[in-house]
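Here's the letter readout for the chains.
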Amino acid sequence: NAGVTQTPKFQVLKTGQSMTLQCAQDMNHNSMYWYRQDPGMGLRLIYYSASEGTTDKGEVPNGYNVSRLNKREFSLRLESAAPSQTSVYFCASSGQHIDVPRRGQPQHFGDGTRLSIL
Amino acid sequence: QQPVQSPQAVILREGEDAVINCSSSKALYSVHWYRQKHGEAPVFLMILLKGGEQKGHDKISASFNEKKQQSSLYLTASQLSYSGTYFCGTGPLGGSQGNLIFGKGTKLSVKP
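Just so you know, the protein sequences line up as chains R and Z, in that order.
When we follow this note's numbering, the leftmost residue of the first sequence carries the number 36, and every step to the right adds one.
When we follow this note's numbering, the leftmost residue of the second sequence carries the number 195, and every step to the right adds one.
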């Protein structure tokens with residue numbers, strides 16, 4: 036059982052380049068999330084998808100776009116990379132129990148993508 | 195509205211106890227606790243839901259005081275494997291969103 040799989044694990048970009056980070060989960064979870072983690076800042080939500088077909092902005096969405104391709108996959112795109120977007124990016128997913136709201140469900144994280152923008 | 199974690203860092207000897215606190219300025223439905231080892235992904239420890247329950251996981255337990263909007267994580271008889279950064283994630287009381295707001299983390303180092 037792979038859980039949450041992120042690709043690539045490492046990437047170096049030049050300023051202005053674009054790229055897409057991929058995320059897939061095999062736990063049949065409804066909700067998926069993209070976070071960035073910077074030293075001393077904790078995890079900050081970029082975008083989330085409550086269910087297939089919906090996406091919404093999180094705390095730090097500027098410079099990013101997302102696509103919920105299907106229930107399994109949620110991608111994050113940087114259209115024109117900037118040095119300020121150098122970070123570790125984590126994808127996560129959570130399920131939904133009929134009796135417990137989404138905010139009561141644990142989040143399962145992928146191994147992260149370490150992105151450097153020069 | 196990021197929750198405040200304290201202390202920011204703590205160093206323990208094996209077998210010692212520690213308490214990590216998480217305080218929010220907003221009314222909460224849930225508090226999640228995660229541990230992250232260096233270079234790895236955060237790993238879920240436990241969730242506490244509105245109701246003031248206390249949970250345990252081996253020698254790690256937590257409490258949630260919804261009136262004070264605070265949660266505490268208790269690590270007893272610490273082991274080397276407890277080393278890492280601990281994050282609390284808070285879930286708001288209102289609305290149906292499942293989004294969490296994470297604190298900046300508490301770095302725990304357990305020495306032999």
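Bear in mind the hints are in silico, worked out from the structure with no lab data behind them.
Hints are supplied without guarantee of correctness; some may be wrong.
To be verified - Below, in silico cross-link-like pairs of lysine-lysine (DSSO-like), each with a Cα-Cα straight-line distance of 30 Å or less:
| no. | chain 1 | residue 1 | chain 2 | residue 2 |
| --- | --- | --- | --- | --- |
| 1 | R | K44 | Z | K220 |
| 2 | R | K92 | Z | K301 |
| 3 | R | K44 | Z | K253 |
| 4 | R | K92 | Z | K305 |
| 5 | Z | K220 | R | K92 |
| 6 | R | K44 | Z | K298 |
| 7 | Z | K244 | R | K92 |
| 8 | Z | K244 | Z | K301 |
| 9 | R | K49 | Z | K298 |
| 10 | Z | K231 | R | K106 |
| 11 | R | K92 | Z | K298 |
Structure-based check of all given hints:
no.	hint	verdict
1	R:K44 to Z:K220	violated (35 Å)
2	R:K92 to Z:K301	holds (29 Å)
3	R:K44 to Z:K253	violated (33 Å)
4	R:K92 to Z:K305	violated (41 Å)
5	Z:K220 to R:K92	holds (20 Å)
6	R:K44 to Z:K298	holds (23 Å)
7	Z:K244 to R:K92	holds (26 Å)
8	Z:K244 to Z:K301	holds (26 Å)
9	R:K49 to Z:K298	holds (29 Å)
10	Z:K231 to R:K106	holds (29 Å)
11	R:K92 to Z:K298	holds (21 Å)
In summary, the numbered hints that this structure violates are 1, 3 and 4.
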